[in-house]
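One-letter residues, chain by chain:
2 protein chains.
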Amino acid sequence: MKLFTKSRASAALKFPFQLIESELVEVEARIKAEANAFDPAVEGYVSYILGTSGKRIRPALSLLIGGACGGATADHQKLGIVLELIHLATLVHDDIMDGAALRRSQPTASAKWGNALSVLLGDCLFAHALELAASFDSTHISRKIARSSNEVCTGEILQTQRRFDLALTIPEYFRIISMKTAALFSSAAELSAWLSGASAEVQENMRKYGDLLGTAYQIYDDCLDLTGSEATAGKTLGTDLIKGKLTLPILYLLEESNEEQRTLLNTLILRQEPIDLNVIVGIAGYAGCIQRAVRTAKDMLEEAREAVAILPENDYTTALNGITDYLDQLLDSCKA
Amino acid sequence: MKLFTKSRASAALKFPFQLIESELVEVEARIKAEANAFDPAVEGYVSYILGTSGKRIRPALSLLIGGACGGATADHQKLGIVLELIHLATLVHDDIMDGAALRRSQPTASAKWGNALSVLLGDCLFAHALELAASFDSTHISRKIARSSNEVCTGEILQTQRRFDLALTIPEYFRIISMKTAALFSSAAELSAWLSGASAEVQENMRKYGDLLGTAYQIYDDCLDLTGSEATAGKTLGTDLIKGKLTLPILYLLEESNEEQRTLLNTLILRQEPIDLNVIVGIAGYAGCIQRAVRTAKDMLEEAREAVAILPENDYTTALNGITDYLDQLLDSCKA
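Respectively, the protein sequence lines represent chains A and B. Numbered by the numbering used here, the letters in the first sequence go through residues 37 to 372 in order. Numbered by the numbering used here, the letters in the second sequence go through residues 37 to 372 in order.
These are calculated hints, taken from the structure and not from any lab test. It cannot be assumed that every hint is accurate.
From the structure, some residues in chain B lie toward chain A, with a derived Cβ separation under 7 Å [unchecked claim]:
(1) Leu55
(2) Asp75
(3) Ala77
(4) Ala152
(5) Leu156
(6) His164
(7) Glu167
(8) Ala170
(9) Thr175
(10) Ser178
(11) Ala182
(12) Arg183
(13) Ser185
(14) Cys189
(15) Ile193
All of these numbers come straight from a predicted model, not from anything done at the bench. Don't be surprised by glycine CBs; every beta carbon is placed ideally from N, CA and C.
From just these sequences and the hints, can you work out the full model?
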């Protein structure tokens, strides 16, 4: 769930959100204003969390798809805000679990105020988001959003359970990241189409677009953890492997290793210590596995473009494809 | 939020739930069956949590008020289940914060599986409860329930913030317990009347009934912590004071102390060590303060009976008053 925090490789690239820039400024202001809805004693904490400026991708997806389906309304904006609040609530709880001290260069809630308060703070944020979701006319939105929130947390539980589990299969990996990372993307996309009164087919295509986009992003994040500047310059691999997170390139590497290589890899992973990149590179087709993961993500982006093709071409669908193009370029920067 | 866990003083007393015994058996089965709605990998954890047999007071309130307002329906049952699931989710998170090893003589989720998993598990339960809440026809229920959940967590934050804060006022204390303990009671009561199509006045009276009942219970719990068998037999006061929780009898004691006594009390409290009951008893009108808190709770129960009087008398209103009578008797057992 920690996308886009490590895109140091490509600081020059930007999200193609120019088309909805003024709407996003409004969303940003409204997200910050949501702090006023909390008890004065809690408002300060909430303000801090809402002030951590993310990319607001979920609101952007909602606004762009609303635009592509005939025009974004106040409801599309609200949907984006609800999903962003849920995302922020999950980050507060994530940081507790990871013992993270910093997020986007700022102290995390748990580092500032401790775990006990942060558990409650995440709960308050989540409850508030669900209250806002229940202010739509139909229960459809609340139901779907509660469902997606459950998926995000279940995906996190699955990932936690399967740490250091060398029997993790590639389909299982995809299922986990589709839940933990892509669920709020696909909700934003599908529900935005629903709000526009789009056909069931369009809704399903948008859900798919969001799911593919979220999944491809997670794979990019996985690869970055192994190829970012720290890893290539220094001696240690990224943090995922130390934590026992078996990401797609590593799963490919395990798949392509012979028995002897696999035994060595398993031993290194289970040691739970930083692993020397050069040792791994020497073992098997390491670079090839990163490239295979990159290709997998790129294939997903191609599918995402096909899903968008159901909509008539306009500036908004161009922007939706612009997001996939952007991610495509980021993936190109992943070299082992 | 940990009511009824310490009622060792009165094991002979029972909740007057005979009238809805078969419905509660059904609720119990349905609560346990909710585990099936979770991912297989999470189901086992959820089953464990749902299996901890509480008194199911929130479902009972919903069913009794439904009965009193013309007959409990499947919706009343569902409302009770949703609120019980939210209650259980908050307990999972509470136990993380308190570092509690046992709840109702069973290991807590955090003791069994660690804090990280328990944060997520509470989130999954909460999200599932909100999804179930969104399966009502109207968004009214989702909105109110999300609001109450926020109140419970905000109340907990307030309580955490005000630990060891000797400037806590009695109105502030009441506000905190009305949020953290009574919010789910008052929701159960108010929404049950709403589901029955009761007038706004009846809904408001039921909300009041739930709020007063929940608040009086919390005061009982506060007193029990100072008067339970451990405290009277042994040398130490209960756990609230050690944790810096300034409960009603202690706030009364501080209010009634002279300056010298208050200085001594403050010093003892801020020491964060077990306090010798006899020392406290020697300071000021300790027993009188417990009795004053008991009287305050009993006055609330009287008000709760008045709130119920808006409904025509029948077996269900008798049972609702039976709950207040039951609590009245429990309060009688609190002797300093």
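Output the indices of the hints that this structure fails to meet, ascending.
1
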